[in-house]
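Assemble the whole structure, with the sequences as input and the hints as a guide.
Chains as they are written, first to last, in this note's numbering: chain S, 1 to 409; chain C, 1001 to 1409.
If the Cβ cut is set under 8 Å, some of the chain S residues that face chain C in the computed set are:
{"id": "1", "residue": "Ala20"}
{"id": "2", "residue": "Leu50"}
{"id": "3", "residue": "Leu53"}
{"id": "4", "residue": "Thr58"}
{"id": "5", "residue": "Val62"}
{"id": "6", "residue": "Val68"}
{"id": "7", "residue": "Gln75"}
{"id": "8", "residue": "Leu80"}
Read the hints as simulated data drawn from the structure, not as lab findings. By construction, the Cβ of each residue, glycine as well, lies at the ideal position given by its N, Cα and C atoms.
2 protein chains.
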Amino acid sequence: MALIVQKYGGTSVGSPERIAAVAEKVFAHREKGDSVVVVVSAMSGETNRLLDLAAAITDIPVPRELDVLLSTGEQVTIALLTMALDKLGCAARSYTGGQVHIRTDSVHNKARIREIDDQHMKADLAAGRVVVVAGFQGVDEDGNITTLGRGGSDTTAVALAAALKADECQIYTDVDGVYTTDPRVEPKARRLDRVTFEEMLEMASLGSKVLQIRSVSFAGRYNVPLRVLSSFEEGEGTLITYEDETMEQALISGIAFNRDEAKLTVLGVPDTPGVAHQLLGPIAAANIEVDMIIQNVAPDGATTDFTFTVHRNDYSKALDILNKTATVLGAREVLGDNSIVKISLVGVGMRSHAGIASTMFETLAKEGVNIRMISTSEIKVSVVVDEKYLELGVRALHEAFKLDQPPGH
Amino acid sequence: MALIVQKYGGTSVGSPERIAAVAEKVFAHREKGDSVVVVVSAMSGETNRLLDLAAAITDIPVPRELDVLLSTGEQVTIALLTMALDKLGCAARSYTGGQVHIRTDSVHNKARIREIDDQHMKADLAAGRVVVVAGFQGVDEDGNITTLGRGGSDTTAVALAAALKADECQIYTDVDGVYTTDPRVEPKARRLDRVTFEEMLEMASLGSKVLQIRSVSFAGRYNVPLRVLSSFEEGEGTLITYEDETMEQALISGIAFNRDEAKLTVLGVPDTPGVAHQLLGPIAAANIEVDMIIQNVAPDGATTDFTFTVHRNDYSKALDILNKTATVLGAREVLGDNSIVKISLVGVGMRSHAGIASTMFETLAKEGVNIRMISTSEIKVSVVVDEKYLELGVRALHEAFKLDQPPGH
Chain S
1 MALIVQKYGG
11 TSVGSPERIA
21 AVAEKVFAHR
31 EKGDSVVVVV
41 SAMSGETNRL
51 LDLAAAITDI
61 PVPRELDVLL
71 STGEQVTIAL
81 LTMALDKLGC
91 AARSYTGGQV
101 HIRTDSVHNK
111 ARIREIDDQH
121 MKADLAAGRV
131 VVVAGFQGVD
141 EDGNITTLGR
151 GGSDTTAVAL
161 AAALKADECQ
171 IYTDVDGVYT
181 TDPRVEPKAR
191 RLDRVTFEEM
201 LEMASLGSKV
211 LQIRSVSFAG
221 RYNVPLRVLS
231 SFEEGEGTLI
241 TYEDETMEQA
251 LISGIAFNRD
261 EAKLTVLGVP
271 DTPGVAHQLL
281 GPIAAANIEV
291 DMIIQNVAPD
301 GATTDFTFTV
311 HRNDYSKALD
321 ILNKTATVLG
331 AREVLGDNSI
341 VKISLVGVGM
351 RSHAGIASTM
361 FETLAKEGVN
371 IRMISTSEIK
381 VSVVVDEKYL
391 ELGVRALHEA
401 FKLDQPPGH
Chain C
1001 MALIVQKYGG
1011 TSVGSPERIA
1021 AVAEKVFAHR
1031 EKGDSVVVVV
1041 SAMSGETNRL
1051 LDLAAAITDI
1061 PVPRELDVLL
1071 STGEQVTIAL
1081 LTMALDKLGC
1091 AARSYTGGQV
1101 HIRTDSVHNK
1111 ARIREIDDQH
1121 MKADLAAGRV
1131 VVVAGFQGVD
1141 EDGNITTLGR
1151 GGSDTTAVAL
1161 AAALKADECQ
1171 IYTDVDGVYT
1181 TDPRVEPKAR
1191 RLDRVTFEEM
1201 LEMASLGSKV
1211 LQIRSVSFAG
1221 RYNVPLRVLS
1231 SFEEGEGTLI
1241 TYEDETMEQA
1251 LISGIAFNRD
1261 EAKLTVLGVP
1271 DTPGVAHQLL
1281 GPIAAANIEV
1291 DMIIQNVAPD
1301 GATTDFTFTV
1311 HRNDYSKALD
1321 ILNKTATVLG
1331 AREVLGDNSI
1341 VKISLVGVGM
1351 RSHAGIASTM
1361 FETLAKEGVN
1371 IRMISTSEIK
1381 VSVVVDEKYL
1391 ELGVRALHEA
1401 FKLDQPPGH
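Now the structure itself:
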């Protein structure tokens, strides 16, 4: 008799047949006696179809109207899923973001949820009905339709689970859980039964695309147990919760990596206070996000070398800006490299175990992988290496940390 | 400086290019200084696409959810049109039926408008913005999305015009006005500059498909001047208003006809009180609408002959029912004919002119057209004739009443 919130993404509801399959999954939970709230995305392809229509009208769609347009995608899905549930004899009712009062701020295209009115939903659940809610959308104070931006349906699901104090928020997707690393790179990658919010956040920020970082952070903040499962296969998926003393503690949980990195270096900048700000200020002003930052005093003692990474898409723009700044500051040289990748070990076990980083460096050295940059946090060690070493590095580390075996074996 | 409500149907907004063309039309009115509220339908084809999706899920879609589904069609159009207006530099804002509080009853799929909250719209108009409203949809008291049924966008436009006390409600369509008769049957048919609500109602009920009967009746009730124009050509269209003494009075305004008629006759029913009810009760119970009804005493004086017409689609069902009833009542014979048509003269001028009907009968007799049934109302004379005489009859009458010339010439 649990209360669960389930979220099905665009691929899971990509056709009438798949919507019917989702209805059967939902109905099975009802039959077991669970109360179910379902959040759905637009059918896959639908959002692009709508964006194409807008693009045929104008290059710069009004943000408010783009939200009016895009929010129809999920509205179609809630109606179809509720019809499919009705056909199975499962009482259900659909709600748009506005109807269930998902109140957001007024930042169109990337609004943030402020509050949710759970009255309608609670009445429906009490009456035994499945509640079907359009993900990704809400309304602002003045009743304008807003959308939450990419991955917004996950956020909707977590927000509803938090508001309703659900026992679990289940995110159905096209993968069957969170893996120790990407199985396409390391076939021995293993599905994790559990992972902590902090680990999941690090993995998401490192490019693991299973869940949107915002929904994980939201779930962590409101302590909503989050489970990632496959829409297409049976299985328990991966549960994302706070650390639990009874959990068998692994040293590290997984290896994340990010192919979309580029590295920029300024050599021989006169080492005066505020140099970091002078270098990075113009980059930030151009809306370029900077990831890793390293500063070292140069051998001459009077200048400094400064390196940072950006998304590969921003590489040439960042290089242009940096060249200009370097000239102004009288730096010796600017170097760039856009064929690098970042590999990261992630695990809350690091907190209580020394030596993780050195095992990592040793493993990579043995394979002849040259490390270009290093950055660490409490539960993460990241290295930047040449792109060509990605697969080799990930596999070697997966092996060295015995990630193919469950912890304790 | 007039306040006008314009309605553009599905064909007029059938593609991004057409939506852009509508935006230019609307903007031209704004440039002239008019305040404009625009009501739009779903892009042509969109409603059918949505119905196909529903049909792929279930044969019997839940009415509430069908409304949630179908209402997305107009929502897409309002967003796109508002973007197109913005691109032209024309300030505009879109509203769904729910956002502009088009409050309806709760009869899903064919709801009726109860009230409209004009606050948002008036504020926008005062700020110089064009208001773009989704036609065909509303919300009931509990916030459930409702739709008004076929032709509902016309009704929305008229209701908004009434609520805002607009100077004119302009219905843009793929014809350039109301004609004296169907130009495909009589190439000499002439566009009417004006026609009265009553005449328009008769024409609509007789199968003239320019406007939905509900919106005409609504406009008449609230005295909203209605104008039918073409989206694709320039022109003044046809204005539908109350009779105006200054109007050059035509004897008749137009010739309407209906191909979808079928005729059923019972001969020799014992002539007892209540026989009409006994015959038509079972027909009505089967949800078959009866149009013309004629009863005559038979030559023997003790029995009666009874004839009525139904929509051709209901013909065989009605014949089955009538055969059973006739047996019970002891009638002599049941006859049926589903290759008949109805031709009607419509005009408020009939009220003050005798002899219209006899001129009609004379004209048809001259052409050798045999009249099977006759029915009259205050502003209409209808005859039922064999299908094959339709074109001949319409053309002869058009000629006899000089409909190809403006009144007074």
